[in-house]
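Please work from the sequences and hints to get the whole structure.
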Amino acid sequence: MNKYIFYPGCSMEGSARAYYDSLKVIEGPLGLELEEVNDWNCCGATEYLSINLIPAYSLIARNLALAAQQNTETKTVMAPCSACYLNLEKADYYMAERPALGEKVNEALAAGGLHYTPGSLEIRHLVDVIINDIGLETVKAKVVRPLTGLRIAPYLGCMVPRPDYQKRWSDHEHPSELDDLMKALGAEVIDFPLKTACCGGHMTQIGPETAYELIRRLVSGAEEFKADIMVTVCPMCQMNLDAYQSETNRYFGTNFHMPIVFFTQLMAVAFGINPKEAGFGLELTSAKDALAHIGLEAPTPAAAPHKKAEGLPMPKALPKKYGGE
Amino acid sequence: MAPAETVLTQGAGLKKPEDLTLLHEVAEATAGVSHLEMCIQCGTCGGSCPSAADMDHTPRMLFALLRAGLREEVLRSNTPWICVSCYHCVVRCPQEVHIADVMYTLKSMAIKAKLYRDETAPDFSASFVDFVENYGRSFELGLATRFYLKHAPLRLPGMSGMGIGMLTRKRMNMTPTKIKGLDQLKSILNKAKTLELSS
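So the protein sequences, as listed, match chains S and U.
When the letters of the first sequence are read in order and numbered with my numbering, they come out as residues 3 to 327.
When the letters of the second sequence are read in order and numbered with my numbering, they come out as residues -5 to 193.
None of these hints come from the bench; they were simulated from the model.
Please note that the accuracy of each hint is not assured.
When the alpha-carbon atoms are kept at most 27 Å apart in a straight line, the in silico BS3-like pairs for lysine-lysine are as follows [claimed, not checked]:
id : chain 1 : residue 1 : chain 2 : residue 2
1  : U       : Lys164    : S       : Lys278
2  : U       : Lys164    : U       : Lys187
3  : S       : Lys5      : U       : Lys174
4  : U       : Lys164    : U       : Lys108
5  : U       : Lys185    : U       : Lys106
6  : S       : Lys77     : U       : Lys174
7  : S       : Lys26     : U       : Lys164
8  : U       : Lys172    : S       : Lys26
9  : U       : Lys172    : U       : Lys144
10 : S       : Lys290    : U       : Lys164
11 : U       : Lys174    : S       : Lys26
Treat the numbers as computed from the prediction; the structure is a model and nothing was measured.
Below, the structure written as structure tokens:
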């Protein structure tokens, strides 16, 4: 049994429910034992840091303090969300690198009766734990339905391989670990040059034109390589590429259809778990065709309400950036 | 041409001594050891940036402005707000400048000085933080509703399909989740708000 203190993060209960569900069903086969951080709070994502520094780090450090005082035989905190992982790691690292930050954060934590000594926990991402602690041999041994013939674009995004304070990855921009994991499932893995390119992060909300271009690069890149599906380790990447793909298509007048799912979902189906339990059907850009490649039927997503007529047909304007009004 | 020693004593013709107050202020207010003073203006950051095309200044230019002490120009720049926190520049920077963290510092300084040009991004961050401070968890539906109604109502019709898709798949919760230790969290944050890193 590999035991970890588990920091799920807010997305796992909402937009990344497929990640949570699929993680839960592969815990047993992988021999993962996860103990959730008691009463954890949001890590602040990429938002709190831009508002106010000490509160932002104190918000993160409350989680570290709670995890450190949790009575378990492990001192490793595992986070499946890239932003959560980076924030926890960053707080732990910077509180040590800049003692003044550590002191101020602990002064704030003391107001809630807490304290955190930087360096007392090890912060790791789920994909790192599966590859490096559990190991590809164990993963291979659990595969009963190899993903033969499924062409996968492995997509790590930014915040796991970078900035990589503890130097855990083979490369910051072109690491091979996720490729190896997908190969262990029997899939055909493309050498995806954009595997650590940015999905746009919160720009889908505050500056959609910037984000659409980044999303376009990724999905068109994956299509060019004739991938059937993209695989991600990050809730934000999944949300941007999946839920904003149709908006991106509308913006550029393109017709991309590139499903993107969490790596744990493909592990689950390779372990013989049915697609519905593995969280398939929750994606907005349907992975039905990709699943058909490995002889699986996708669950039908919940029916959307009837769509009302959209009114008179209107000519479509090109985005300003591309010569339109 | 002036003899070499004159150039040295007169600072190569500078009319006033170099003022690094702003540069130091930003470096001090940034988490960790930012290495900002070490920037050699090589431009690796801008060349690595996926969103540089939409920025007023590349990170390199912004750091030059910082060194020149041009406070208002720096804080009005859209650059930190366009930064997507991808850390490409950070891992490529030969001087190991914590570029993404410097961008966070500049955003909070711009908010404090009310010098940002467009309130969309600061407002998004502030709304996000507001939900976190009041529940201990983020609340996507609340954030989306509040943010889009105020800043992008015209995007709403185009996005309704996606919103419905997220709701019917239960990928967006209808109500926020509250942590048990909310009072504890609030005491921590209230104390934290009275503290500054650079003092």
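Which constraints among the numbered hints does this structure fail? Numbers only, ascending. Violated hints: 2 and 4; rest satisfied.
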